[in-house]
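Following the hints, position chain B against chain A.
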Amino acid sequence: MAKFSRKGKGGMPALSTASLPDIVFMLLFFFMVSTTMREQQLKVKMKLPAATEVAKLEKKSLTSFIFIGTPVREFQTLYGTDARIQLNDSFRTPEDIRDFISAEREKLEEADRGFMTVALKIDEEARMGMVTDVKQELRKASALKISYIARKVESLALAQ
Amino acid sequence: MAGRATPEVNAGSMADIAFLLLIFFLVTTTMNSDAGLQRRLPPWVANEKSAKEQDVNQRNVLMVLVNGRDWLMVNGQRMDVTQLREKVIEFVENPQNNASLSERVVKDIPGLGNVEVSKGVISLQNDRGTSYRMYMEVQNEIVAAYNVLREKASQEKFGKKFDMLSEDEQEAIKKLYPQQISEANPRNAAGVK
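Protein chains in written order, with the numbering used here: chain A, 1 to 160; chain B, 1 to 193.
So that you can see chain A by itself, here it is in the shape it has in the complex (with noise of 0.2 Å):
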């Protein structure tokens, strides 16, 4: 029965991998379409409060930023640990949002501007008193639309 003899030495016959790079390229594509870019470096730390009655920020690129919250620890000694505001990437105050808000206008076209979002990303730890500032710079500025950035809970009771 010379057909069920092995031929040659045994061993496993090697694996192709010719298809390797149609898988990685497929997760590759995945994750091109499905993240954006990380715009801008993050210098304060915040944590941000939860919420249950959140909706998605639609438009991202309609979207400007605001954060508020304690600097990071290698800006801390320049900085201090109180609550800051960071604008693009750097360290403000509530009286360069009006600057920073034409800017940003400035960047879209013209049919979008109306649909302008503020997003707000504030640590919850921060107090009122900056948040209002903000808030009534961004009413100078005439940017109403805002959006209070938060953690998307099923209860409030079980987020603490």
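Hints are not guaranteed to be accurate.
Unchecked claim - Only pairs whose alpha carbons sit at most 27 Å apart, straight line, appear in this in silico DSSO-like list of lysine-lysine:
1) A:K60 with A:K107
2) B:K174 with A:K47
3) B:K174 with B:K107
4) B:K175 with A:K145
5) B:K87 with A:K152
6) A:K60 with A:K135
7) B:K119 with A:K145
8) B:K175 with A:K56
9) A:K140 with A:K43
10) A:K59 with B:K161
11) A:K60 with B:K160
12) A:K152 with A:K60
13) A:K47 with A:K60
14) A:K45 with A:K60
15) A:K45 with B:K174
16) B:K107 with A:K135
17) A:K140 with A:K107
18) B:K107 with A:K56
The set of hints was computed from the structure by calculation and includes no laboratory data.
Chain B in isolation, oriented as in the chain A frame:
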């Protein structure tokens, strides 16, 4: 030359290149799905009046106060933030037409006809020392209260969930229960900067 077959290109390193690209994108991008409470700020006016000073009937104002220690007071009564939702629903809906809760006016809303709409305004005031967490909890409860009312109305009027309604129907329901939240300038009891 013509007869010679082109040698096969070794594609073994293709996977490495692709992996490299993949890892680059994994590191530099974020999968962020930011969500938040949407609000509309009132336009800037030089000297504003709070809801109290304006000519509004006292029964139509629900005063929500939060102090610098995150204590909540609603219409002169201390309460926990978990009770706020019920209070707001009761105030806006006012099913028994209680004289101490918000009054209603008949309004013509396209798609719904003549309906009674509450004139209730929620006046929110906090201290400069109030924590943002507390502020968000209060905001969240008020929005939740309106969402409960809108959900109920859409079940009553259209027999569907609010999310399932068409855009016009959603607009009509929103007009039936408009979010009337007026935020007064914060107080500064503790002298926080």
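Exercise. Check each numbered hint against the structure and report the violated ones by number, ascending.
Key: 2, 11, 15, 16 and 18
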